[in-house]
Amino acid sequence: MTGASVGTGPESGARSLVVGVGARRGAPGDVVFALIEAVLSGAGLDAADVLEVATVDAKGDEPGIVGAAARLGVPVRTHPAGALAAVRVPHPSGAVGAAVGTPSVAEAAALIEADELVVPKTRAPGGKAAGRGMATCAVARRLPAVAGTFEVSGRKTSTSPVTGGSRPFTMAAMNPPTRNIESAGPDLRHHGDAEVRGENLTDLAVNVRTHTPPEWLRERIAASLTSLAAYPDGSSARAAVAGRHGLPVERVLLTAGAAEAFVLIARALPARCPVVVHPQFTEPEAALRAAGHGVGRVLLRAEDGFRLDPEAVPEEADLVVIGNPTNPTSVLHPAALLERLARPGRTLVVDEAFMDVVPGEREALCDRTDVPGLVVLRSLTKTWGLAGLRIGYVLAAPETVALLSEAQPLWPVSSPALAAAEACMEPRALVEAAEAADRITVDRAHLLAGLAEFSEVEVVEAARGPFVLVRLERAAEVRERLRLLGFAARRGDTFPGLGPQWLRLAVRDRATTNRFLQALDQAVQALPARSGR
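For the sequence shown, the numbering used here gives the first residue as 21, with consecutive numbering after it.
What the hints contain is simulated information worked out from the structure, not anything from laboratory work.
Quick reminder that beta carbons are idealized off the backbone N, C-alpha and C, glycines included.
Watch out, some of these pointers could steer you wrong.
[As the list claims (entries may be wrong)] Computed Cβ-Cβ distance ranges for the label pairs, DEER-style:
(1) G46 with G312: 46 to 52 Å
(2) E426 with L245: 27 to 33 Å
(3) G62 with Q542: 48 to 54 Å
(4) R91 with R382: 50 to 56 Å
(5) E239 with L430: 45 to 51 Å
Let's have the full structure, built from the sequences with the hints guiding it.
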């Protein structure tokens with residue numbers, strides 16, 4: 021769940037106000053309470069309407085905040101700095117962002133679980149003795165539910181009979197209501213290739229395996245060019261995919277990469293309350309929003325190792341999207357845990373784009389036919405270096421495949437892509453992919469061992485993908501210095517649930533990793549010390 025409660029409070033009833041509070045270490049409870057009381061009174065608001073006091077995780081145990089909430093008779097709700105950083109606020113502060121990881125604790129904490137800002141960020145009044153500058157406060161209001169509620173990341177969000185979807189969990193006061201309000205903050209359309217496009221950099225930002233496609237695959241693709249005058253016929257490639265997974269061909273749909281599959285799912289499958297489990301690949305949410313859906317988010321926590329808690333997914337969610345292993349966290353969720361998300365009436369979309377990098381593909385669900393509503397996505401672009409060719413596939417119940425197929429244009433996959441798909445299903449290709457997975461496992465261990473030497477770097481444990489997620493202070497500055505030293509790393513702040521202190525690093529061979537670790541050491545050591553801290 022997103023937040024932790026301190027103490028107990030009354031049931032929500034008609035209470036609708038969320039008070040966001042930021043406070044310096046040691047701020048007295050009297051100062052914080054007086055600030056909240058003054059802000060409420062000045063805006064003509066009743067303290068009896070306050071539902072909770074909200075703040076950042078790092079401030080959740082501040083006696084001043086806890087004490088003020090206790091005097092109001094409400095709980096304290098805390099949120100990760102990365103989640104708050106994703107909330108667009110009217111009064112951001114660079115100093116606050118640098119200190120705690122989000123540019124406005126008070127406004128972001130108020131808005132993340134509410135719908136409209138009622139009182140913007142206000143500082144404690146009076147002179148130094150009165151505590152001026154020791155605390156900030158903002159107030160937001162939760163709008164009443166329109167047609168029922170469901171729990172997302174520790175909060176309740178309403179479903180709308182007008183849109184058929186959920187009201188997004190973040191909403192800045194400056195954004196007027198629309199049919200489909202875009203969540204404030206992360207750029208969902210930012211992808212790793214933007215970090216290296218047009219630059220002569222060693223690429224640690226994109227997860228495509230290096231030195232691919234192999235020569236034999238290039239030859240198969242080149243041979244298909246002689247048939248370009250004919251319309252593509254995907255029957256042979258479709259049968260090859262079905263045979264590789266031991267499934268009936270009716271359960272297979274070939275797509276122009278996994279990205280097309282997300283668009284088809286968003287447009288063709290019914291969804292009243294879609295939910296995306298974050299942090300993860302952002303294209304599923306972007307596709308759902310582009311199709312007019314409101315999208316709920318379940319934010320997994322760094323404190324929990326970004327591991328899935330099935331209970332955090334709302335019962336009413338009828339379409340759930342999750343990656344396994346997840347991009348960018350590199351966490352491999354147990355198949356048994358994912359199965360707990362499945363139920364009649366719900367579509368469970370599991371993005372297994374990186375599963376072939378996991379030795380033995382343990383925890384894969386791709387060949388399962390007994391899990392209700394299961395839709396598994398696979399991509400051939402990562403392991404085989406075919407990002408420019410666009411080829412992937414969907415594995416699902418025949419009726420689901422039929423719905424998705426009807427939404428596709430004619431001949432959606434080109435003849436060269438079909439030739440590549442068929443070739444990548446052959447026994448020798450599967451052997452080569454398994455060997456590549458073993459090499460990546462060894463190379464990833466080497467990268468993790470090197471990163472462990474940096475006291476400034478925190479790595480998400482149990483990485484199982486061809487990339488690792490790391491957290492370090494001033495990551496944006498480190499990333500820019502790495503660029504000057506010839507290396508591109510993937511920024512993490514465009515993933516919902518992360519913030520500017522995160523970077524994703526692709527696993528490369530030992531020689532490349534050694535050069536990168538030397539550059540990282542230079543980048544970290546070259547950061548100037550901050551004053552006033």
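Check: Between G62 and Q542, does the beta-carbon spacing fit 48 to 54 Å?
Finding: Cβ of G62 to Cβ of Q542: about 52 Å, so the range 48 to 54 Å holds.
Check: Okay, G46 versus G312 on CB: inside 46 to 52 Å?
Finding: The hint (46 to 52 Å, Cβ to Cβ) holds, given that G46 and G312 are roughly 49 Å apart.
Note to self: Given the hint of 27 to 33 Å, is the C-beta distance from E426 to L245 inside that range or not?
What the structure shows: 30 Å, holds
Check: If you check the beta carbons of R91 and R382, does the distance land in 50 to 56 Å?
Finding: Because 52 Å falls inside the window, the suggested range holds.
Check: CB of E239 to CB of L430, is that within 45 to 51 Å?
Finding: 28 Å, violated
Hint check: a violation occurs at hint 5 only; the rest are consistent with the structure.
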